[in-house]
Amino acid sequence: MFLLLNTGMMGVFVALDFFLFYIFWELMLLPMYFLIGIWGGPRREYAAIKFFLYTLLGSIFILLVMIGLYFSSMETLADGTRVFTFNLLELMNHANYTETGILSPLNPNNLRFIAYIGLFIGFAIKIPMFPFHTWLPDAHVEAPTAISVILAGVLLKMGTYGILRISYPVFPELTYQLSWYIALFGMINIIYGALAAMAQKDFKKLIAYSSVSHMGFVMLGMSALNTMGISGAILQMFNHGTITAMLFLIVGVIYDRAHTRDLDSFGGLGKQMPIYTGFVTIAFFAAIGLPGLSGFISEALVFLGGFGNGTTRILTVISTLGILLGAAYMLWTLQRVYLGSLNEKWKDLTDLTTREYFMLVPLTIIVIYLGVNPSPMLNLMNASANAMVKFISDAQGIYSSLNAF
Amino acid sequence: MTENSIINISLAILFLPLLGFAVTLLLGKKIKSIYLFEVFLISIVLIASIVLAFNKLSYFIDDKIVSELEWFRLSDSLVIKLGFLLDNITVLMLFVVALISALVHYFSIAYMKGDERYNRYFAYLGIFTFSMNGIVLTNNILMMYIFWELVGLSSYLLIGFWFEKKSAADAGKKAFLVNRIGDIGMFAGILILFLTYNTFSFDTIFQAIGTGKLPFNSDFWLSVTGILLFMGAIGKSAQFPLHVWLPDAMEGPTPVSALIHAATMVAAGVYLTIRIFGLLTADAMMFIAVIGMLSAFIPATIALTQNDIKKVLAYSTVSQLGYMVMALGVGAYKFAFFHLVTHAFFKACLFLGSGSVIHAMHHEQDIRNMGGLKKKLPLTYATFLISSLAISGIPLTSGFLSKDGILASTFAFGSLTGYWIFAVVGFLVALMTAFYMFRLIIITFHGEPRDHHKFEHAHESPFVMAMPLAVLATLSIFIFYTPNPFSADQGWFLTKWINAPELHAPNATRFDFMQSEVDKETEQVAEHNSIHGEITYSEKYTEAMHSAHYPAMFLSLFVAVLGIFTAFVFYQWKKVDVDKLANSIKPLYNFSLNKWYFDELYHKTFVAGLLGLSKIIYWFDATIVDGIVNGSAEVTRRIAFFTGGFDKYVVDGLVNLMAYITGFIGLIFRRVQTGKVQTYIVLVIFSLIILLFLF
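If you read the protein sequences in the order shown, they are chains E and R.
As numbered in my numbering, the first sequence has no gaps in its residue numbers, which increase by one up to the final residue, 406.
As numbered in my numbering, the second sequence has no gaps in its residue numbers, which increase by one up to the final residue, 819.
What the hints contain is simulated information worked out from the structure, not anything from laboratory work.
Just so it is clear, CB atoms sit at the ideal spot from N, CA and C, and this is done for glycine as well.
It is possible that some hints are incorrect.
As the list claims (entries may be wrong) - Listed next, the stretches of chain E that the computed footprint assigns to chain R, with coverage defined by at least 3 CB atoms under 8 angstroms from CB atoms of chain R: (1) 47 to 56; (2) 130 to 136; (3) 265 to 272; (4) 282 to 294; (5) 304 to 312; (6) 339 to 347; (7) 382 to 394.
Excised from the complex, chain E in its bound form (with noise of 0.2 angstroms):
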C-alpha cells in the first residue's frame, strides 16, 4: 500500500503531461483510503471516507478542465501533423491553442475564468485552504503516525505544487487577476488556521491546524508573483514537509506510550524524557519561524515578497499577526505537555528509542543546516522561480493583446 502509495506521488511531481499527472494524483488516493481506514482511530472509516470524497470532488474539477485543455490545444508532432494535447509545456504557449477551444485564449467567450476557480478549488481541496481544510484534522487524528507524516509532508504539496505547475503556467493572466484573492485566502488560512490550533485539546489535531496555517504561507508567497514570494513559497513547502513531520512523529512517540494525546493531561515531560524535549523544543520553534532554523528563511521570505507587491500588502502585514498566533499556540503546548511539575502517572515514560533516534536526528539536522545556510536548496529552485515570475509577468502584455482582438 505504502509503496503504491509512493508510486503516486512521485509521479505527481515527476509529470509533465497534464493526463499522466492526473493519472498519478488519482492513484495516489486509493492507497490513502485504505491505509487510514485499516490502520487507523477510532473513526477511521469516517475519515477515510471522507478523504476519499473530499479529494474525489476536487479531482472532477481537475478532471474537466483538463478534457477542457485538451480539445482546445494542438500540439505539432515530429511528422508535422497536428493534434490535441495534454502536453503541459505546449500548453503554456498561447499560439498552441484553437481558436475555438472553450478554454482557448484565442476564443473571445473562452471559459478561461471558470476552468481556472475550478481547477483552483480542485487544488485548494488537498492544500488544504480555508473552507475546504475540514477534512485535514479528521484524516489526521484517525491516521497511524507515519501516515500522517506522509500525510502532511509530502501530501499536501501536492496542491500547491499542482497550482504552481499547472495553475500559473496555463492561466497566467488570471493568476495575474485573481493573485488578490490567492493571498486573501493565505492570510485566512494563516490566521484561521492558528486560531483553530490554539483552541485545540488533542495534540494531533493541534499540529494538523497549524499545518493549515503554514501552509497559508506558502500560498501567501505564491500569489505576491515575485522571486522572494515565489521562492520562499517553495522553500516553505520542503520546510514545512520535515518541519511537520518532525511535529506528527513527535506527537507519535508520545502517544506510543501515553496512549493518550489530550494536552492537559500531560504535564512537566522534560524532566521525564529530556533528550525528547529537546527535540520537541527545535521542532516547535522552528514551527514558529525562529531564525537559524528553517522556517524562518521561508517566512520571511514569504513575507519580503508579499510586501513588495502592491497587491497583497495590506495582506501581507495582516499575515504577520501569524507569527505571534504561532508562538501563542505552540509555546502554549510546549508548556501544557512538556513545562510544569511532572504528573505522577508518567513517571514511567521512558525517552527516545534509537529507532526514534533514526527518525528525528536527520530531520533536525535538515532543519538546523537550512536554517544556517539556505542556499543549497535556493540555488535549485532561484532559476525556476525567476523563470515563472518572468513568464507570467511576460504573458501579462501577450494575454492582454489577445484580447484586444
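Use these hints to put chain R onto chain E, whose structure you have.
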C-alpha cells in the same frame, strides 16, 4: 593590527560562545565538569573583547570597519548579505557584554552549585552571549532581527530554566510572546525598508535616505518606519506598554537576571534605537521620548512599594531603560549610550548583590524577612551601597555623570522646544529612584534581623561570587569615564570614544535644534551634509546644554539627596509610621503595589479575548465549515435514499408493472388455451357465426 585581524577577533568573539553552547549541551550528561569549558571560552572572549576595544580605540578610533559576505541569493539582483559593522559603540558594547557575561559565568559557578541541570545552564548562557554579540556586531537590520529573536529564545530558556515551577514556565512564555508583539512591528519596519531600499544594510539605507529616497516618498512614512522599528525596542527593552514581562522574568536564576534582564539584553532595544538614530524624524523622536518618559515614570512608582528584592530592581531597570529611551527621544544620543554602559555595570552589580543576599538567605527574596545583613555580608553591602549611590545619582559615581547628562538634556530640550514635561518627569523619577533604592538598602541591610533563623545561617559569599561584585562596583566610579567627577562632557568617554550621531533624515523633518545652520541657506549644502552625516546639532543646542548644565546638576543632586534622606526618615529612623501613611493613601498604595493592574488588564482583554476568539473560530470550524461538509454528505445520502426509492418503486416498479400486466393478460388468455379439441371446435363455430352475422 590590521582591519582584517580586527574582523577575525570579532568572529571569534561571536562564535566561541556558540561553540561553548554546543559542546556543553551535547556533552553535559557525560562529563560533569564540562561547564568549565564554557567558562574558559567566555574568559577568552572577554580577553578578546578587551584587545579589540583597545586596538579599535587606539588605532582605528575614527574608522568604521565593515565586512560583508553573501548569505544566499535569489537572483542576481537579490542577494541577501550578512555583515559586521565595527565602530566605537560596537566595541564598547561588546566589552560590556563580554565582561558582564564572564562575571556572571563566574558568579554562577557558586550560585548554581548543586543544580541538577548545572551544565545545561552554562550552555544557555553560551547561546545567550552568542546571540547578544550578534546583535551588537551586525551591520544590517535583518541580521539584527535574527539575533534579536535568538536572544528572545535564550531569554525564554533561561527564564524558564526551573521549568518545573509553573510560574517560571509561565514567565518564560509571557516574555517570549510579549516580545513577539514588538517584533512584529519591527519586522513590518524591516519590510518597508527592504521594499524601499532593496537592502538591509544600515549604511546603504542611510545613504539612500540622504539622497532623498524615502519610503513611499513621504516624510510621514519615514516617521512610521522609525516608530515601527522602535517597537522592537519597546518589546525588548520592556518599555511601556509592553513592560509587563520583565518583572515576571525575575523567575529565572538571579545571575541570569543580572546578565539578561538588567545589563545586556534589555539594553538591546536602546542599542537598536541608537543604530537607527540616523533615520529618526522629529515625530518619531517625540514618540520615542514620550514612551521613554512613561516607562521611566510608571515603573518607578511601582518600585516604591514592592517587597520582593528582585522585583524592586526589575522595576528600577525598566525605569532606567526609560531614561535611556527618553534621552534618545530628546536627542541626547551620547548620554543615552553612556547611561546604557554605566547602568549595565551598576545594575548588574545590584542584581548580583541581590543574588548574593538570596544565596545567603537560602532563597528568601522577601525583604520583609531580612534586615541587619550589613554585619553578615559586609562586602555585598559595600558593593550594593556603591551601586545604589550610582543609580541614585550621587557625585563621584558613574551614574551621577550619565544621569545628570540625560536630565540636563531634557532641560535643554524643554528650553528649546517648550516641552518641559520630560524634564519635570525626569527629576521626579530621580527622586523616586533614590528613595526606593535606599528603602531597599535600609530594610535589607540595616536595622535588626527579622528572621533570626535565616539570619544566623547567612554567610558571606565565596570568592567567585564576591569578585564580580567588586569589579562591577569599581566600574561604577567616575574615574573610568572622565577625570572630572562632576561633568563627563570633557571626559574621554564622551569626547573621544563615542562619535557624534550621524543624521540622515531630511533636514526639514528634524527638530529645529538638530538642523545645522548651514543647511538652511542652500538645499545643496543640506544634501551634502546629510550624506556625510556629520554632527548637525546647532549652536543653539550647545548653548542650551551649557546653560542647562549647572541647574540640572544641582537640582538632580538635590532630589537624589532628598530621596535618600526621606528613605532614612521613613525606614531607618522611623520618624514616620509608614504603615499608617500607606493606609491613609490606601487606593494609591494598592494601585502601586498591584503594578497599576496592568497584568489584570491585559489578561482580561488580550489574553481572554484571544482565547475566546480561538474558541469561537474552532466552534465555527467544527460546526459551520465542517457542518457544511458533513451536511452535504448527509444531503447526498438523503438524495441517494430518495433516488434509491424512486429507482426501486418507480423505475423498477414500471418494469415490474409491465411484467405484471403481461402476466395478467397471459393469465386471461391462458384460459383459452385449454388443449381440448371440443372447446376449440365450439370456439371456431361460435366465431364463424359471428362472422356470418357481420358480413
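Verification of the supplied hints:
1. 47 to 56: holds (count 3)
2. 130 to 136: With 5 residues in contact (Cβ-Cβ under 8 angstroms with chain R), the coverage given for the region 130 to 136 of chain E holds.
3. 265 to 272: holds (count 3)
4. 282 to 294: With 4 residues in contact (Cβ-Cβ under 8 angstroms with chain R), the coverage given for the region 282 to 294 of chain E holds.
5. 304 to 312: Coverage by chain R holds for the region 304 to 312 of chain E (4 residues, Cβ < 8 angstroms).
6. 339 to 347: holds (count 5)
7. 382 to 394: The restraint on the region 382 to 394 of chain E holds, since 3 of its residues have a Cβ under 8 angstroms from chain R and three suffice.
Hint check: no violations occur; every hint is consistent with the structure.
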